[in-house]
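Undergrad: Residue -5 is where the sequence shown starts when you use this note's numbering, and the numbers rise one by one after that.
Hints are computed from structural coordinates only; laboratory data are not their basis. Given the structure is predicted, the values throughout are model-derived calculations rather than measurements. Please note that a few of the clues may not be correct.
As the list claims (entries may be wrong) - Cut-off 25 Å, straight-line C-alpha distance, at most; resulting in silico cross-link-like pairs (SDA-like, lysine to any residue):
1) Lys59 <-> Arg(-3)
2) Lys82 <-> Gln39
3) Lys59 <-> Val86
4) Lys82 <-> Gly21
5) Lys61 <-> Leu92
6) Lys90 <-> Trp49
7) Lys90 <-> Val104
8) Lys61 <-> Val104
9) Lys82 <-> Ser51
10) Lys61 <-> Tyr(-2)
11) Lys59 <-> Gln30
12) Lys61 <-> Arg78
13) Lys82 <-> Asp108
14) Lys61 <-> Leu35
15) Lys90 <-> Ala123
16) Lys82 <-> Glu110
17) Lys82 <-> Val104
18) Lys59 <-> Lys82
19) Lys61 <-> Pro(-5)
20) Lys61 <-> Gln39
21) Lys61 <-> Arg2
As the list claims (entries may be wrong) - Across the chosen pairs, the derived CB separations fall in these ranges:
22) Ser116 <-> Asp7: 21 to 29 Å
23) Val0 <-> Asp81: 41 to 49 Å
24) Ala28 <-> Gly83: 20 to 28 Å
25) Tyr(-1) <-> Val86: 13 to 21 Å
26) Ala112 <-> Arg80: 33 to 41 Å
27) Phe66 <-> Glu120: 30 to 38 Å
28) Arg(-3) <-> Leu77: 40 to 48 Å
29) Pro32 <-> Val86: 29 to 37 Å
30) Met1 <-> Glu115: 15 to 23 Å
31) Ser85 <-> Pro13: 17 to 25 Å
32) Pro13 <-> Asn48: 34 to 42 Å
33) Ala28 <-> Ser85: 31 to 39 Å
34) Pro32 <-> Asp81: 33 to 41 Å
35) Lys90 <-> Ser36: 22 to 30 Å
No residue lacks a Cβ here, since even glycine has one placed at the ideal position from N, Cα and C.
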Amino acid sequence: PRRYYVMRLSHGDITVMVPVDHAAESGLREVIDAEQVPEVLSVLQDREVPVNGNWNSRYRANLAKIKTGDIFAVAEVVRNLSLRERDKGLSVIERKMLDNARQILISELVLAEDAEEAQVESWLEEALA
-5 PRRYYVMRLS HGDITVMVPV DHAAESGLRE VIDAEQVPEV LSVLQDREVP VNGNWNSRYR
55 ANLAKIKTGD IFAVAEVVRN LSLRERDKGL SVIERKMLDN ARQILISELV LAEDAEEAQV
115 ESWLEEALA
């Protein structure tokens, strides 16, 4: 019989089943360790952000970062779009991307720290302040 990883996602009440023998190629990975959470938050605090004025190339670059599944790359997207939102505002598409990236980041940190979502959201707000 075929074995599966079964993931229940609280956001949207979704269940995902991934065959164990295809986990690596599907991009499935373990949640980061609690020791890595401060590193993720430090990415959010970094203000040395490359400026890319063209929204289309910025969008493609951010989408590529999210698709890597690397939580540090997702944190960069959250930081970059949050800073841009503060300075110049975001298009509807970039706002949706920011919301999605934030949810990915929050979900990961909730699992890594066994924390409440509200607590993690406050960490993000503090790091981005």
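Undergrad: For each hint, tell me whether it holds in the structure or not.
TA: Each hint tested on the structure:
Simply put, Lys59 and Arg(-3) have alpha-carbon atoms about 30 Å apart, too far for the 25 Å limit, and the pair is violated. At roughly 19 Å between alpha-carbon atoms, Lys82 and Gln39 fall within 25 Å of each other, so this suggested pair holds. Between Lys59 and Val86 the alpha-carbon distance is near 19 Å, which keeps this suggested pair within the 25 Å criterion. As the CA atoms of Lys82 and Gly21 are separated by approximately 34 Å, the hinted pair breaks the 25 Å bound.
Taken as a hint, the Lys61 and Leu92 pair is honoured in the structure, with Cα atoms around 14 Å apart against an allowance of 25 Å. Taken as a hint, the Lys90 and Trp49 pair is honoured in the structure, with Cα atoms around 14 Å apart against an allowance of 25 Å. Restraint check for Lys90 and Val104: satisfied, since their Cα atoms lie roughly 21 Å apart, inside the 25 Å limit. Distance hint between Lys61 and Val104 is fulfilled; the C-alpha atoms sit about 20 Å from each other, no more than 25 Å.
Annotation: proposed proximity of Lys82 to Ser51 holds, straight-line Cα distance about 17 Å (limit 25 Å). Simply put, Lys61 and Tyr(-2) have alpha-carbon atoms about 22 Å apart, close enough for the 25 Å limit, and the pair holds. Proximity of Lys59 to Gln30 is assessed by CA-CA distance (about 19 Å); at most 25 Å being required, the pair is judged to hold. At most 25 Å may separate the alpha-carbon atoms for a hinted pair to count; Lys61 and Arg78 meet this at roughly 21 Å.
The straight-line distance between the Cα atoms of Lys82 and Asp108 is roughly 35 Å, outside the 25 Å bound, and the hint therefore fails. For the hint linking Lys61 to Leu35, the alpha-carbon distance of about 20 Å falls within 25 Å, and the restraint holds. Between the alpha carbons of Lys90 and Ala123 the distance comes to roughly 20 Å, so the proposed pair stays at or under 25 Å and holds. At most 25 Å may separate the alpha-carbon atoms for a hinted pair to count; Lys82 and Glu110 exceed this at roughly 31 Å.
Simply put, Lys82 and Val104 have alpha-carbon atoms about 30 Å apart, too far for the 25 Å limit, and the pair is violated. With a C-alpha separation of about 22 Å, the suggested pair Lys59 and Lys82 falls inside the 25 Å cut-off, and the hint holds. Distance check on the hinted pair: Lys61 and Pro(-5) sit about 31 Å apart at the alpha-carbon level, beyond 25 Å; violated. A C-alpha spacing of about 22 Å is found between Lys61 and Gln39, which places the hinted pair at or below 25 Å, so the restraint holds.
For a cut-off of 25 Å, the pair hint linking Lys61 to Arg2 stands: about 20 Å separates their Cα positions. Taking 21 to 29 Å as the suggested C-beta distance range, the pair Ser116 and Asp7 conforms, at roughly 25 Å. The hinted window of 41 to 49 Å between Val0 and Asp81 holds, with their beta carbons roughly 42 Å apart. At roughly 35 Å, the beta carbons of Ala28 and Gly83 sit outside the given window of 20 to 28 Å.
At about 34 Å, the beta-carbon gap between Tyr(-1) and Val86 misses the expected band of 13 to 21 Å. For the hinted restraint 33 to 41 Å between Ala112 and Arg80, the CB-CB distance of approximately 22 Å leaves it violated. In this structure, Phe66 and Glu120 break the distance hint of 30 to 38 Å, their C-beta atoms being roughly 18 Å apart. For the pair Arg(-3) and Leu77, the supplied restraint of 40 to 48 Å holds, since their beta-carbon distance comes to about 43 Å.
The hint said 29 to 37 Å for the Cβ distance between Pro32 and Val86, and at roughly 33 Å that hint holds. In this structure the supplied range 15 to 23 Å holds for Met1 paired with Glu115, their Cβ-Cβ distance being about 22 Å. With their beta carbons about 38 Å apart, Ser85 and Pro13 fall outside the hinted range of 17 to 25 Å. For the pair Pro13 and Asn48, the supplied restraint of 34 to 42 Å holds, since their beta-carbon distance comes to about 40 Å.
At about 35 Å, the beta-carbon gap between Ala28 and Ser85 stays in the expected band of 31 to 39 Å. Against the hinted window of 33 to 41 Å, the Cβ-Cβ separation of Pro32 and Asp81 comes to about 26 Å, which falls outside the hint. The hinted range of 22 to 30 Å is satisfied by Lys90 and Ser36, whose Cβ atoms lie roughly 26 Å apart.
Checked against the numbered hints given earlier, this structure breaks hints 1, 4, 13, 16, 17, 19, 24, 25, 26, 27, 31 and 34; the rest are met.
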